[in-house]
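The listed protein sequences derive, respectively, from chains R and P.
Residues 1 to 537 in our numbering are what the first sequence spells out, letter by letter.
Residues 1 to 389 in our numbering are what the second sequence spells out, letter by letter.
A few of these clues could be false.
Which stretches of chain P does chain R cover? Using the computed rule of at least three CB atoms under 8 Å from a CB of chain R, they are [to be verified]: (1) 65-71; (2) 106-118; (3) 123-133; (4) 164-170; (5) 213-224; (6) 263-276; (7) 282-290.
Ranges of calculated distance between the beta carbons of each label pair, as one might list FRET restraints [to be verified]: (8) P/Arg-166 <-> R/Tyr-293: 52 to 62 Å; (9) R/Asp-506 <-> P/Gly-70: 44 to 54 Å; (10) R/Gly-426 <-> P/Glu-167: 46 to 56 Å.
Selected chain P positions facing chain R (Cβ under 10 Å, derived; list incomplete) [unchecked claim]: (11) Ala-50; (12) Arg-83; (13) Gly-87; (14) Pro-253; (15) Asp-336; (16) Ile-337; (17) Val-377; (18) Gln-379; (19) Glu-382.
Hints are computed from structural coordinates only; laboratory data are not their basis.
Every residue gets a Cβ at the ideal spot worked out from N, C-alpha and C, and that includes glycine.
Chain residues, written in single-letter form:
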Amino acid sequence: MQATQAAGHAGHHDDASHGHGPTGLMRWVTTTNHKDIGTMYLWFSFVMFLVGGAMSLIIRAELLSPGLQYVSPEFYNQMLTLHALIMVFGAIMPAFVGFANWMIPLMIGAPDMAFARMNNWSFWLLPPAAILLTASLFVPGGAAGTGWTLYPPLSVQMGMGMDMAIFAVHILGMSSIMGSINIVTTILNMRAPGMSLMKMPMFCWTWLVTAFLLIASMPILAGAVTMLLTDRHFGTSFFNAAGGGDPVLFQHIFWFFGHPEVYIIALPAFGVVSHVIPAFSRKHLFGYTSMVYAIAAIGLISFFVWAHHMYVTGIPLTGQLYFMYATMLIAIPTGVKVFNWVTTMWRGSLSFETPMLFALGFLVLFTIGGLTGLVLAMTAVDIQLQDTYYVVAHFHYVMVAGALFSAYAGLYFWLPKWTGHMYNEGLGKLHFWLSMIFFNIAFFPQHFLGLAGMPRRIPDYAQQFADFNLMSSIGSFGFGFSQLLVLVVVFQAIRGGARAEARPWDGARGLEWTVPSPAPHHTFEDPPVFDPAEAHA
Amino acid sequence: MAHCTNRNRDRNRLRFGPKGLVIAGLLGLFSSIASAAWEISLQNPVTATARHVYELHSLLLWVIVVIFIGVFAVVTWSIIFHRKSRGHEAADFHDNTTVEIVWTIVPTLILIAIAFPATSTLVQMRDTSQPELTIKATGYQWKWGYEYVTGDAAGVKYMSVLSTPREQIENKSPKGENYLLEVDHPLVVPVGKKVRMLLTASDVIHTWSVPAFAVKADAVPGFLRDTWFRAEKEGTYRGQCSELCGKDHGFMPVVVEVVSAEKYADWVADRKKEMAAAAEDPAKVWKLDEQVARGEKVYAATCAACHQPSGKGLPPVFPALDGSKIVKGPKAAHLDIVLKGKPGTAMAAFGAQLSDTDIAAVVAYERNAWTNKLGEVIQPAEVKALRGK
Chain R
1 MQATQAAGHA
11 GHHDDASHGH
21 GPTGLMRWVT
31 TTNHKDIGTM
41 YLWFSFVMFL
51 VGGAMSLIIR
61 AELLSPGLQY
71 VSPEFYNQML
81 TLHALIMVFG
91 AIMPAFVGFA
101 NWMIPLMIGA
111 PDMAFARMNN
121 WSFWLLPPAA
131 ILLTASLFVP
141 GGAAGTGWTL
151 YPPLSVQMGM
161 GMDMAIFAVH
171 ILGMSSIMGS
181 INIVTTILNM
191 RAPGMSLMKM
201 PMFCWTWLVT
211 AFLLIASMPI
221 LAGAVTMLLT
231 DRHFGTSFFN
241 AAGGGDPVLF
251 QHIFWFFGHP
261 EVYIIALPAF
271 GVVSHVIPAF
281 SRKHLFGYTS
291 MVYAIAAIGL
301 ISFFVWAHHM
311 YVTGIPLTGQ
321 LYFMYATMLI
331 AIPTGVKVFN
341 WVTTMWRGSL
351 SFETPMLFAL
361 GFLVLFTIGG
371 LTGLVLAMTA
381 VDIQLQDTYY
391 VVAHFHYVMV
401 AGALFSAYAG
411 LYFWLPKWTG
421 HMYNEGLGKL
431 HFWLSMIFFN
441 IAFFPQHFLG
451 LAGMPRRIPD
461 YAQQFADFNL
471 MSSIGSFGFG
481 FSQLLVLVVV
491 FQAIRGGARA
501 EARPWDGARG
511 LEWTVPSPAP
521 HHTFEDPPVF
531 DPAEAHA
Chain P
1 MAHCTNRNRD
11 RNRLRFGPKG
21 LVIAGLLGLF
31 SSIASAAWEI
41 SLQNPVTATA
51 RHVYELHSLL
61 LWVIVVIFIG
71 VFAVVTWSII
81 FHRKSRGHEA
91 ADFHDNTTVE
101 IVWTIVPTLI
111 LIAIAFPATS
121 TLVQMRDTSQ
131 PELTIKATGY
141 QWKWGYEYVT
151 GDAAGVKYMS
161 VLSTPREQIE
171 NKSPKGENYL
181 LEVDHPLVVP
191 VGKKVRMLLT
201 ASDVIHTWSV
211 PAFAVKADAV
221 PGFLRDTWFR
231 AEKEGTYRGQ
241 CSELCGKDHG
251 FMPVVVEVVS
261 AEKYADWVAD
271 RKKEMAAAAE
281 DPAKVWKLDE
291 QVARGEKVYA
301 ATCAACHQPS
311 GKGLPPVFPA
321 LDGSKIVKGP
331 KAAHLDIVLK
341 GKPGTAMAAF
351 GAQLSDTDIA
361 AVVAYERNAW
371 TNKLGEVIQP
381 AEVKALRGK
C-alpha cells in the first residue's frame, strides 16, 4: 500500500524523484503527492474501521443474550452513535477518497490532483476530527448518545460530548468539500488528450457525481448541526416547540443531507465494481452509456427522497405518497446497473481471483440490500418496520456488503500496482469466504428480528429475540476478527512476494496499467497518448 | 410466510405461474421448519390495517425473491459455464439498446403494479376520521401517560411504567415470560371499536408502536400527531418505544389490553372508583415522617431513573441531588424546577404529571434524604400557590 516501498525497489525501474523534499514523518505531513495522500487516506480509514469495528463488537457483546451484562444503557447509546459516525465519516468515506487520490490521476493520465496542497490539507483535517469524536468518550457525560442522526430534543440534552461531535462533523465536512472540489477540477480539466468524458473510466464518473453530491449536501449537514449548537448554547429555538421551532425540522434538514450521503458511499463502490467485473470477465463493461446515465439519475433522484426516512413523523398523506413513488423510482437506475454487471459477465471468460470474489459478493449482497430497500419503500410496510432491526439489516447489506466489499475488491485489485508485489491469493480468498459467511450469519437474522418487531438501538430485548441475537453476535465476532487478515495480506505484499507486472490482470484496461508496478512516485509528467483500446467501453 | 397466499393476492400469485408454485412449496417447507422455534415474519395481524400490511409485505417478498432468483440464475449460469478454467472464450459485445430498453421498462411496470396496493393500504392507514374512542398518549422519559379523551372513560388518566423487576434485567433472577414487555397499567380498549390515538411527548421524541396493529407514530414534544386502530380480537398486545429517547429507551414498552365491551365498562367503573378514592384532601396538613415516606415512593417511580436511588445522579447530564445547591437552597426555587422543569436540559416539567400532594412529598423527601437533612415539611397548599406563577 505504501508508495515508499517504491524506493526499496528503485533498481527495478526509473524512480528519480525521491531525492528532494523532507523525509521521515515530515514527508507525510508536508506531502502534496497524490499517491502519498491516497496511502494516508487508506491507512487512516483502516484504523478508523478497526476502532468503529471494536465498538460494534461491544454492542454485539451486550446483545449476546437478554439482560444487561457488560455496559450501561447510556454507554451502549454512545457506542452505537460513535460506531455509526466513525464508520460513515471515518472509515468508508475516507477509504474511497483514498482510492480516488491514488487512482483518478493514474486513470486519466494526470500528473497529480489539481490542487495538491489543498489535497494535503483535506487529509490532515481528518485526524483532529477523529480525535474529537473518540475523545468525547472521556469527557464528563461521555459521547453523544443520540444515534448518528443526532435528533433533537435528545441531542439538546447531551453533555459536551455532543459539542465535540458537532465540531467533528464541521471539520469532516470541510475536508469532504475540499476533497470534492479537487476531484471535480481534476476530472474536468486534467484528462489525457483524447479522453472525452464518455470515454472516461467508470470509477472517475462515479466520483464526479459523488463529488457534486458532497459539495451540495455537506453544507446542509453543517447547517443542521450549527443550528443544533445554537439551540444548545445560545438560546435559539430552531428545534424547540416551546420557542416556536419544530423538532421535525431537524429531521428534514438532516435527511436532505442524509439520503444523498447514502449514494456518496454507494456510487464510488459501484465505480470500483465496474472495473473489477469487466477485468475478470475479460470483456468490456456492458452498457457504458446507460451506466453513466444511471449514475447521474441516482445522484439526482437522491435529493428528492429524503422524507422516506420520516414516514412515522406525521408528514401528511400526500407527502408520504410522493416520497413513496419517488423512492420506488430509484429502483429503476439501480436495477439497470445490476443488469449491466450481470450482462458483463455473460459469455465472458471468468476467473475468480480475490478482487472478483469480493465484487461478486458485493453483487449478491448489495442486491439483497437493494431489494429489501424496495420493501421499505412501501410506506405502509415501512411504518411497520421503521426503527426495527429490519432497517439495521437493510443498511448493513448496503453499507458493509455494498461499500466495504467493493473497497476490498478495489484493494486486492490495485494492491499490486501500489506495492509492486502480488498479494497472497490463498489468504485473500480465505478472507473473502470468512467475510461472506460471517457477514450473513451476523446480518441475515436481523431481518427476522425486525419483522418480529424488535426495535433498534436498545441494549436489552425480550426473550423471543434471544436466538437470532445470539446468532447475529456470533456472526459479527467472526466477521470482525476475519478483517484482521487484511492486515496480514497487506503487510506481506508491502514486504515482498511475487513481483507484479505493470498489468498484473490480463483483462484489465486503463491507463493505470500502463505505468510500472509499483507506480513510480511521479507519473504522467507528460500527458500520455490515450489509446482507445484502453477505454472502458 | 405461510399466510401469504391470500384471497386478495390471487391475481398476483397467478402471474408467477408454475415456477412461483415450486418456490412457494420450498418456502412453505422452510417456513414450517423455521417457525418451530424462530419467528421469521411479521407478527400475526389483529387489525384490518395490519392484515393489509402483512399481505403487502408478503406480495413484495414474492416479488423480490423472484427478481433475486432470476438475476442470480443468470449469474450462476455464467459462473458455471463461462469460466476461463473451462476454456470459455470471451465474447465481444458491450451494448444492446433493445435489451436496455426492456430492462428499464419491465421494472417500471412491476413498480407501477405494486404501487396500487401500496397506495390503497397507506390511504386506509392514515384515515383517522370518525373514531369511536379517543385516547391521548404522552411519551415521557421513560414511560407512557394515557388519558381518555372521549367516551365513558373520559377523564381517566394514568401512567404506564415497565413492571419488569430490576433483578431480572440485571440477571439476578430468572426472566419472566413477558420480560421487558410488561407494564403496571396497560392501555385498555374495547374490542371492535375504532380507537384514535393522539400522540405527544413532554421531553424528547418517542414512538408509540404496536406491531400487531401495524401502528407506529412519533410522539413529538409540542405537537399532536394521530393514528388509529380497530382491534378485532381480545387479548394483550405488546410493543415498544421505537425512537431512541435516551438511556432507558429500551425499557418503556407499550401494552394494550383489548377486552369485551362488558369488561371494558367494568374496567372504566373500577378505574373511576379508584381515582375518586385516590383523590386526597388537598387541605390535609402533613407531618414530616408520613410525607417523606410518601415522597420516597414518588421519587422511586418518577425521579430515580435519572437522579438514581442514591441521589448521586449520573453527572453531568443528570446531576446529583445529594448535596445539590438547589435542593439545599430555598424551597420555592426547588419546587419551581420540579413543577416547570429546566428548558434545554433533561429536567422535565412535572407539574402536569404529579398532584400538588405528590410534588410536595417528593420535594420534601429530596430535602430530607441522603445527607440533605433539612427537616422541612412542605404543604400541598404551597405547591398550589406556586403553580401558574
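How the hints compare with the structure:
| no. | hint | verdict |
| --- | --- | --- |
| 1 | 65-71 | holds (count 3) |
| 2 | 106-118 | holds (count 6) |
| 3 | 123-133 | holds (count 3) |
| 4 | 164-170 | holds (count 3) |
| 5 | 213-224 | holds (count 8) |
| 6 | 263-276 | violated (count 0) |
| 7 | 282-290 | violated (count 0) |
| 8 | P/Arg-166 <-> R/Tyr-293: 52 to 62 Å | 59 Å, holds |
| 9 | R/Asp-506 <-> P/Gly-70: 44 to 54 Å | 31 Å, violated |
| 10 | R/Gly-426 <-> P/Glu-167: 46 to 56 Å | 51 Å, holds |
| 11 | Ala-50 | 8 Å, holds |
| 12 | Arg-83 | 5 Å, holds |
| 13 | Gly-87 | 8 Å, holds |
| 14 | Pro-253 | 8 Å, holds |
| 15 | Asp-336 | 16 Å, violated |
| 16 | Ile-337 | 15 Å, violated |
| 17 | Val-377 | 33 Å, violated |
| 18 | Gln-379 | 30 Å, violated |
| 19 | Glu-382 | 26 Å, violated |
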